[in-house]
Amino acid sequence: MPAMHVAVCVKQIPDPAAPGKLDPATRTLVREGKFVMDDSDSYGVEMALQLVQAAGGGAVTVISMAPGGEIKGVREALAMGADDAIVVSDEALRGSDALSTAKVLAAAVRRAGEAGGGVDLVLAATESTDGYTGTTPVQVAALLGLPSITFAKKVTTDGVTVTVERQTDEGHDDVQATLPALVTLTAGAVEPRYPAFKAIMGAKNKPCQVIGLAELGLDPGDVGFAGARQEITSVTAAAERSAGDVVEDDGQAHVRIVSYLESLKVV
Amino acid sequence: MAVERIWVVVEPAGGGAATNGLELLAGARGLAATVEAVTFGDANAAAATLGDHGAATVLTVDTGNAMAGVPVAAAIVAALSAREGGRRPTAILLPQTYEGRDIAGRLSVALDAPVLANVVGLSDGGGRLVAEHAVFGGSTMVKAAFTTDRLQLFLVRPKTFVAEGGAGAAGTVAALPIPDTGRPGATTVLARHTEERQGPKLDEAAVVVSGGRGLVDKDRYALVEELARLLHGAPGATRAIVDAGWVPYSYQVGQTGKTVKPDVYVAVGISGATQHMVGMKGAKKIIAINKDRDAPIFAICDLGIVGDATKILPKLIDALKNRS
Chain A
656 MPAMHVAVCV
666 KQIPDPAAPG
676 KLDPATRTLV
686 REGKFVMDDS
696 DSYGVEMALQ
706 LVQAAGGGAV
716 TVISMAPGGE
726 IKGVREALAM
736 GADDAIVVSD
746 EALRGSDALS
756 TAKVLAAAVR
766 RAGEAGGGVD
776 LVLAATESTD
786 GYTGTTPVQV
796 AALLGLPSIT
806 FAKKVTTDGV
816 TVTVERQTDE
826 GHDDVQATLP
836 ALVTLTAGAV
846 EPRYPAFKAI
856 MGAKNKPCQV
866 IGLAELGLDP
876 GDVGFAGARQ
886 EITSVTAAAE
896 RSAGDVVEDD
906 GQAHVRIVSY
916 LESLKVV
Chain B
42 MAVERIWVVV
52 EPAGGGAATN
62 GLELLAGARG
72 LAATVEAVTF
82 GDANAAAATL
92 GDHGAATVLT
102 VDTGNAMAGV
112 PVAAAIVAAL
122 SAREGGRRPT
132 AILLPQTYEG
142 RDIAGRLSVA
152 LDAPVLANVV
162 GLSDGGGRLV
172 AEHAVFGGST
182 MVKAAFTTDR
192 LQLFLVRPKT
202 FVAEGGAGAA
212 GTVAALPIPD
222 TGRPGATTVL
232 ARHTEERQGP
242 KLDEAAVVVS
252 GGRGLVDKDR
262 YALVEELARL
272 LHGAPGATRA
282 IVDAGWVPYS
292 YQVGQTGKTV
302 KPDVYVAVGI
312 SGATQHMVGM
322 KGAKKIIAIN
332 KDRDAPIFAI
342 CDLGIVGDAT
352 KILPKLIDAL
362 KNRS
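So the sequences go chain by chain: A and B. Add 655 to a position in the first sequence, counting from 1, and you land on the number used in my numbering. Add 41 to a position in the second sequence, counting from 1, and you land on the number used in my numbering.
It is worth saying that the hints were derived from the structure and are not from the lab. Glycine included, C-beta positions come from ideal geometry on N, C-alpha and C. Do not take every clue at face value.
[As the list claims (entries may be wrong)] With beta-carbon atoms standing in for the labels, derived distance ranges: (1) A:Arg682 x B:Lys332: 50 to 60 Å; (2) B:Pro241 x A:Glu870: 34 to 44 Å; (3) B:Asp190 x A:Ala894: 42 to 52 Å; (4) B:Arg233 x A:Ala894: 40 to 50 Å; (5) A:Ser918 x B:Ala340: 45 to 55 Å.
[Unchecked claim] PhoX-like mimics (lysine-lysine), calculated; alpha carbons at most 25 Å apart, straight line: (6) A:Lys676 x B:Lys184; (7) A:Lys808 x A:Lys689; (8) A:Lys808 x B:Lys259; (9) B:Lys242 x A:Lys920; (10) A:Lys920 x A:Lys689; (11) A:Lys920 x B:Lys184; (12) B:Lys242 x A:Lys809; (13) A:Lys809 x B:Lys362; (14) B:Lys200 x B:Lys259; (15) B:Lys325 x A:Lys920; (16) B:Lys325 x B:Lys302; (17) A:Lys853 x A:Lys920; (18) B:Lys302 x A:Lys920; (19) B:Lys200 x B:Lys325; (20) A:Lys920 x B:Lys259; (21) B:Lys362 x A:Lys920; (22) B:Lys259 x A:Lys809; (23) B:Lys242 x A:Lys808.
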C-alpha cells in the first residue's frame, strides 16, 4: 500500500465542563481561558495514526482554526503522534459560523497537500462539543470537491478506496468512496492513546505553522461575523423545571419507583 | 404567513416518510403559504401522508445506492435554478439527522448560504423566519435570523413540531433529476445492516430509560435495556458511555445526540451534565437515580432517588416482573 497523508481537523475549545456564557456585545459564545483539544477530535487523530501505520508510512497533519493563535490543543494532537500542524489564526475569524470555518479549514487542507503529493484522506469529528452544528466537515468536503462519508464507526483503506461502517439509526451501512475523501468519526470508533511524558515534551519541537488569512488567499469579509450573515435577535432565560421529591434510598426505593410509574399509568 | 414558500426535506422510513420530516411539514404549514416536500424514498407510497401533513408537491430524488447528501443537494440546486424566481422557496427546512446534515452541508457550499442548525423553534418575525436555539443545557433560549437574501437553510431538531396531519389531499409527485455529481458523488452503499432491536425507536418512545457512568461498568447497561423493555420503552445513553464505547452513537441523548420528549424519562446513574440535559428536559416526567445528592439531575427531576443504581435496578426489574 502506498504511503498515506492524512489531515485531521482539530478544534480547540475552552474547558467543556466550565459554564458557558454569551458575550453581551456580540451575543456569541465567549471563548476564553485555557484551550484544550475537543475530546471528539481525539478519535480522528488516533484513527489517522493507525491508518498511516497500516499503510506502512506517510504523515498526519493537524488542521485547526484559532482566532487568537491558540496552539495548546494542537500540541495535544502532536503529542499523540501527529507529525505537523497548520493553525489558521486571524482576529477577523472571530464570530465565524460553520460555513466560514469550513472555508478556512478547506484552504488549510489544500495548503497541507501542497507540501507533497496532496492529502489522501481528511478526518474530522461528527460535530464539535461546543458548537455541535455538525455540518462543517461536509462543507469542507464540498469545498474541496471530495466525497464524504459521515458518522463512521469503523474505517479501513487499501490506499485506493476507503471503506466505512457508517452508523445509522437502524444499525450500520457499509459505504465506500475512492480516495481522496473525507470521513467523520463517531466517538468510540477507536480508543485514543494517552501520550507519554516524553511524547508531550517532544511535541513542542514538532513543526506547527501559524498562518493568517492572507497567506491562504481568503477574504476577511467571507469569514467571521461578516461571513456568518446571521444575527441574534434575542436572548432569554428558559422556563426552568422545578425539582420534585428527592429521597434517599432506604433499600425500598424500587417500591417507590413502581408506585410512581403506576400513578403515571406507565405500568 | 412569514414567507411565500418553504421546502422541507423528508427522509424515507420503512417505505414511507420519517416522522421528523412530517413534523417539519406541519411546522412549515404555519409559516408559508405553500409547502413542498423533497424526498428520496418511495414518493408514491409517501405522497398521501406527505400531502396530509402539508406538502402540495412531492419532489423526489432517486439516489440509488449512493449516500443521500450529494445527489439530493445537487438535485435541489438544479431544481432551484430551473424555477422562475417567484416559485423558488425562501427557505429549506431539514431534519438535524445523519442525512439531513449531509444534505445541508452540501447545499450550503453549492449556494454559498449559511445554515442555522440545532433549531428548536421557528416563528414569523415580521415577515422573516426567526429560529430558536436552546443553549447552555437548555437554560438559555437564543433567537437568530439570517441577514442575507440567499436561500435560508435551517437544520431543525426532531420533536420541535408536532406531526399533525389533516392538511389535505396527496401531494403531486414530480421527479427531480440529478445532474452529474462528479467526484463528490462517488460514494457507494455496499450493504445495509439492520440490528435486530425490539421496542420503539429512541426518539419516538413514550418511555426512555438512559444509562450513564453511574452504572460503573459496561455489562450493567443490560439492566437499562431490561428496564426499558419492561416499560415498553427505548434505551438511551449519555455521551460519556458512548465515548467509552459501551453503546453506539445512535443511543446518545443530548446536545450532540438525540432530543427526546417522552412521557417518562428514567435517568440511571446520570449526573445531568448540560450536554445531556438539553436532550431530555422536554420529557413530561423525569425519574432520576444517582449516588450524588448534589447531582444537577436532581434539580429537574420529578422523582429523585439518591442511591446506587446498580443495587436499585435489579430490585426494580424484579418488582416489575413480579407484577406481570
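For the pair we were handed, lysine 259 of chain B and lysine 809 of chain A, check the Cα-Cα distance against 25 Å. 20 Å, holds
CA of lysine 853 of chain A to CA of lysine 920 of chain A, is that 25 Å or under? Violated, at roughly 59 Å.
Do the alpha carbons of lysine 676 of chain A and lysine 184 of chain B lie within 25 Å of each other, as the hint requires? Within the cut-off at roughly 15 Å; holds.
Taking only the CA atoms, is the gap from lysine 809 of chain A to lysine 362 of chain B under or equal to 25 Å? 38 Å, violated
Between aspartate 190 of chain B and alanine 894 of chain A, is the Cβ distance one that fits in 42 to 52 Å? 34 Å, violated
Can the restraint linking lysine 920 of chain A and lysine 259 of chain B be considered satisfied, given a maximum Cα separation of 25 Å? 31 Å, violated
Cβ-Cβ distance between serine 918 of chain A and alanine 340 of chain B: within 45 to 55 Å? This hint is violated: roughly 22 Å between Cβ atoms.
Pairwise hint evaluation, lysine 920 of chain A against lysine 325 of chain B, where the allowed Cα distance is 25 Å at most: 13 Å, holds
Restraint status (C-alpha distance of lysine 920 of chain A to lysine 184 of chain B at most 25 Å): Distance ~37 Å between lysine 920 of chain A and lysine 184 of chain B Cα, so the pair is violated.
Are the Cα atoms of lysine 808 of chain A and lysine 689 of chain A separated by 25 Å or less? 30 Å, violated
Can the restraint linking lysine 302 of chain B and lysine 920 of chain A be considered satisfied, given a maximum Cα separation of 25 Å? 17 Å, holds
Would you mind confirming whether the straight-line C-alpha gap from lysine 325 of chain B to lysine 302 of chain B stays at or under 25 Å? 7 Å, holds
Hint compliance for this structure: hints 1, 2, 3, 5, 7, 10, 11, 13, 14, 17 and 20 are not met, and every other hint is.
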